[in-house]
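Colleague: This is what each chain is made of:
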Amino acid sequence: MYEGIVQELIDELGRLPGIGPKSAQRIAFHILQTESVDVTRLAEVLTEVREKVHFCVICGNVTEQEQCSICRDPRRSHATICVVEEAKDVSAVERTREFKGLYHVLGGAISPIDGVGPDDLRIRQLLQRLADGTVTEVIIATDPNLEGEATATYLTRLLVQPGLRVTRLASGLPVGGDLEYADEVTLGRAFEGRRVVEP
Amino acid sequence: MLRTHKLGEADRIITLLSRSHGKIRAVAKGVRRTASKFGSRLEPFMVVDAQFYEGRTLDIVTQAESLGSYGSDITGDYSAYTAASVMVETADKITDDDGSLQQYLLLVGALRSLARKEHPVSLTLDSYLLRALSIAGWAPSFGDCAVTGEPGPHTVFVAQLGGVVADRVAPPGSPRLDSRTIALLASLLSGDWADAEAADDRQQSQASGIVAAYTQFHLERSLRSLQHVDRTTA
Ligand SMILES: [Zn+2]
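Chains as they are written, first to last, in the working numbering: chain A, 1 to 199; chain B, 1 to 234.
One should not assume that every hint holds.
[What the hints assert, rightly or not] Selected chain B positions facing chain A (Cβ under 10 angstroms, derived; list incomplete):
id, residue
1, Arg3
2, Pro44
3, Arg112
4, Asp144
[What the hints assert, rightly or not] Derived lysine-lysine pairs resembling DSBU-like cross-links, with alpha carbons at most 30 angstroms apart:
id, chain 1, residue 1, chain 2, residue 2
5, B, Lys6, A, Lys22
6, A, Lys88, B, Lys6
7, B, Lys29, B, Lys93
8, B, Lys117, A, Lys22
9, B, Lys93, A, Lys52
10, A, Lys52, B, Lys6
11, B, Lys6, B, Lys93
Simulated from the structure, these hints should not be mistaken for laboratory data.
Predicted model only: the values in this text are computed from it and were never measured.
Beta carbons: idealized from backbone N, C-alpha and C, even for Gly.
Throw the hints in and build the complete structure from the sequences for me.
Modeller: Shown next, in the form of structure tokens:
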């Protein structure tokens with residue numbers, strides 16, 4: 001335990017995902033020893049990011065505007081939507097340069113044990129986007145792990161409607177892994193080899 | 001395998017229920033990275049033969065061979081996935097480090113049954129819950145009165161009193177159950193599937209309500225997955 005504000009900083013850092021007490025302590029002392037101008041800049045960016053960045057009203061991706069750059073891009077196809085769990089998965093898929101459609105970020109995966117059900121995700125918003133018939137294919141690109149697969153199963157059952165093709169990324173992605181860690185080549189291949197799924 | 005939590009960049013903390021050493025928490029290194037050979041085996045609902053070495057705070061998994069690969073069959077059926085989630089959460093809540101071979105065998109059997117679609121999902125879950133609670137020392141009574149021991153049949157079920165109770169000890173206003181529902185609950189507890197599957201939808205859903213109330217009472221309303229159970233398919 002350290003005195004007052006130093007301990008507070010360690011506690012706050014320790015709340016961040018993937019940061020244990022040891023790392024929190026290391027980062028805290030790094031900040032204490034860093035040039036004050038750099039620390040000020042970090043503090044500003046943190047405040048700025050909270051003020052400026054929010055979620056795209058259409059797809060749920062992160063953006064500084066009302067709609068994200070992908071939703072605003074007229075060259076992107078409006079006939080295909082790729083469904084991912086998190087905004088960071090959008091960048092993973094973008095890196096493959098395989099996909100020219102739009103995205104839909106669910107905000108997680110269905111995980112009853114963590115208290116997350118279908119109503120806690122942006123599934124209703126996805127159905128609204130499909131209502132006018134513009135979209136002809138939904139590619140489900142949830143993580144290739146247990147929760148991701150179960151979410152895909154749920155969506156496949158839910159998205160049965162005439163004129164809509166529902167596809168799932170080809171296997172070959174490592175099971176148990178996170179989509180964001182798949183390399184571009186593997187993920188690109190998984191896109192090319194996607195298959196139609198039926199409930 | 002009961003559940004997993006992300007740890008750091010690429011690891012997971014896994015919780016598993018072992019045959020003879022109770023519940024074990026350990027670190028699975030690198031499983032979220034693409035080249036991990038463990039990844040698919042160390043997911044919930046899988047049955048593995050695992051080896052560990054002692055780490056500084058938590059043990060670390062060194063090997064895992066699959067003994068029962070139920071994950072993909074279960075996630076391929078959304079109702080089964082929600083039911084299996086309740087099972088592993090219940091097992092996590094009612095077991096500790098002491099180990100219970102009975103709880104282990106019950107859970108493995110129930111997950112296998114779900115994966116193989118042996119019985120309707122909802123009945124499989126209700127039967128699992130009644131039996132898991134019984135092994136934990138909270139066996140409900142569906143025959144004799146749970147308070148006085150008077151022989152049944154009784155039709156008032158009170159979770160707080162431990163089962164069905166005679167009319168004269170039932171709290172005023174207690175809801176009365178169909179006698180077929182009581183029979184269904186008894187069949188689910190004893191594993192009489194032919195009898196359980198013969199029950200109609202109304203009796204099954206009434207029984208599910210009783211099992212849910214009884215489970216939440218004993219687990220102090222701490223089961224998060226129970227409210228997400230999908231009972232839409234048979
Ligand atoms: Zn957008």
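Colleague: May I ask which of the numbered hints given earlier this structure violates, with the numbers listed in increasing order?
Modeller: 3, 4, 8, 9
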